[in-house]
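*Asks:* As a plain string of letters, each chain reads:
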Amino acid sequence: MEINNNVSVQTSGETAVVYANDYLNKLTGEKIERECRRQLEAGCKTLVVNFAETEIVNSIGVSILLGVIDAASNAGAKIVFSDVNNDTIELFEMLGLTKHVTVS
Amino acid sequence: MAENQQKLIHTFGALAELGSEVSQKQNFQEMMRTSLHLLLGSLAIMRGGIARYSRYGHELNMLVMRGLGDDFPLSLSLCYEDERQFLVNDLYPIEVAQAKVLPFFQIYDQSFEKKRIELLVPLVIRDEIVGVILLGEKANGEAYSGYDKEIICAMARHIGVGIAQRNMMAELERRSDENRKLYDDLRMTYKDTVKAFAAAIDYKDKYTEGHSVRVGKYSEIIAQELGLEESEVEGVAVAGYLHDVGKLTVERNIINAPYRINAKESAELNKHPAVGYEILLPIHHPYTDVPLAAKYHHERLDGRGYPDGLYDKEIPYIAKIVNLADSFDAMTTDRPYKRRRPANEVIEDLQRNAGKQFAPELVTAFCRGMLKEVTGESKDKRFRRLLGREYMEAEGIVPILKNALNGMNATSSLTFVSPD
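Protein chains in written order, with the working numbering: chain A, 18 to 121; chain B, 2 to 421.
Misleading hints may appear alongside valid ones.
In silico DSS-like cross-links for lysine-lysine, where the CA-CA straight-line distance does not exceed 25 Å [claimed, not checked]:
1. B:K373 to A:K116
2. B:K8 to A:K43
3. A:K95 to B:K139
4. A:K43 to B:K139
5. B:K8 to B:K150
6. A:K116 to B:K339
7. A:K95 to A:K48
8. B:K101 to B:K218
9. A:K116 to B:K272
10. B:K218 to B:K115
11. A:K116 to A:K62
12. A:K48 to B:K139
13. B:K272 to B:K196
14. A:K116 to B:K196
15. B:K218 to B:K8
Computed footprint of chain A on chain B; a stretch qualifies when at least three of its residues, placed anywhere within it, have a C-beta under 8 Å from a C-beta of chain A [to be verified]:
16. 40 to 52
17. 138 to 147
18. 264 to 276
Stretch by stretch, here's where chain B covers chain A in the computed footprint (C-beta under 8 Å, at least three residues) [stated by the list, open to error]:
19. 50 to 60
20. 65 to 71
Keep in mind that the hints were calculated from the coordinates and are not lab data. Idealized CB from N, CA, C, for every residue including glycine.
Go ahead and model the full structure; you've got the sequences and the hints to work with.
*Replies:* Spelled out as structure tokens, the structure:
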């Protein structure tokens, strides 16, 4: 695992795993979006956002994830949200994010 | 029901955060970025932007955007018809698809269609347009519901207030800048007027040409050496420039007499401090005590001065400064009946009269300023310009200045005690 600008990333072939942790819910969460865009520009075809360390996602977090979804869609990459807790899955379903991503 | 409750918690959480964001004093650009995140995230809106309205240019300038791409126009023009409709809508969202009759939506139709902009929210605060919010499609692909629009409306009010506050602050800063410039102009005009007066005073006395200007400058040096504040230094300088204004009423043949004047003439001349005070008193000076400096600049610590024979602490401080500057200039310039005295003699005279005629700490400040210039410690050429290079480079001036400084206790209070 490497750390780019405080964001933990694991890459393997055309897959990149970006760890959302607790940065996501503040303006500093934009660095996660930037890292995702960097991975997509580097040729990543499957972008995994890992929520193992993310307890809740607020509106800022949702907005940042929408930016990631948009970037992945423009790059023709698949996006996966992994290790999402039940409350967050419900939120993503309610808001329609699950229409754009695979939740695992 | 559970979904509705979760939706409420999520959107109201965003609304609460937005309120706190706007009320906190922080970077405006960050506030706008966070506000847009909160708005988009609360209803999962894929893209959007916030623009500020410039009423001077009748245009909307984008402050923050998300998902609109680099080709989206950063500045959008409004015409009167658009503005009127936005004002009517207040904060309620306009559906882009329904508003194509307005020129604004016709002009930017392609950009809006390309980025799938569905709503435009006019930010109207206190009957003024401060900006707009542009919103794209929702992530769930559904149309905006009435509930969504109410939420957007509430959040837009917060964002609008944030922009209005920022505009108000910018306006205040602009006015404050204007006031400062106006004040500087006035101060400059006042200074020029004072200098013109000083020149007029000096013009009357052909033997002491430039005396008032020099006294102003010496007074300024003393005030600077005392470490007074800038405005106080300016006030002292002005007092120096105007100290002899009362001489304007004294007959020219008395002022210009090429001999020691007699008692009658002297009595006439000695009225000039009181006359100067009367002239200066009605003027609203930006600095205090200027009239007092004119009235009492011939008073001495030992009570032997005029017009009132005041002692030591009865004499206003500003008058003591001008008195020293005035006396120094009198000693270092040629008079009709007397040649200028050499620097060594003048400094010894100042030292000798410290505590009698002059306040000791003023003599110390004056000598210190002079010594700093002679030794090169100060790069200013204030004394050189007033006295000439040769005068300042007179042999033995440094030890005499040092001796004068060592011989006086700079921290002593004004020393003279009335013999009464």
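*Asks:* Give a verdict on every hint.
*Replies:* Now for the hints, and whether the structure bears them out:
1. B:K373 to A:K116: The given pair, whose Cα atoms are some 80 Å apart, is violated under the 25 Å limit.
2. B:K8 to A:K43: At roughly 20 Å apart (the allowed maximum being 25 Å), K43 (chain A) and K8 (chain B) satisfy the hint.
3. A:K95 to B:K139: holds (20 Å)
4. A:K43 to B:K139: Roughly 21 Å between the alpha carbons, so the hint for K43 (chain A) and K139 (chain B) holds.
5. B:K8 to B:K150: Holds: K8 (chain B) and K150 (chain B) sit about 14 Å apart, inside 25 Å.
6. A:K116 to B:K339: Status violated; Cα separation ~103 Å.
7. A:K95 to A:K48: With Cα atoms ~20 Å apart, K95 (chain A) and K48 (chain A) stay inside 25 Å; holds.
8. B:K101 to B:K218: Roughly 72 Å separates the two Cα atoms, so the pair is violated.
9. A:K116 to B:K272: violated (97 Å)
10. B:K218 to B:K115: Cα-Cα ~71 Å, so violated.
11. A:K116 to A:K62: Given that 25 Å is the threshold and the Cα spacing comes to 18 Å, the pair holds.
12. A:K48 to B:K139: Within the cut-off at roughly 23 Å; holds.
13. B:K272 to B:K196: holds (23 Å)
14. A:K116 to B:K196: violated (80 Å)
15. B:K218 to B:K8: Answer violated: K218 (chain B) to K8 (chain B) is near 75 Å, above 25 Å.
16. 40 to 52: Coverage by chain A holds here, the residue count being 9 at a Cβ distance below 8 Å.
17. 138 to 147: holds (count 5)
18. 264 to 276: Not satisfied, violated; 0 residues make the cut.
19. 50 to 60: violated (count 0)
20. 65 to 71: Answer violated; 0 residues pass the 8 Å Cβ test.
Hint check: violations occur at hints 1, 6, 8, 9, 10, 14, 15, 18, 19, 20; the rest are consistent with the structure.
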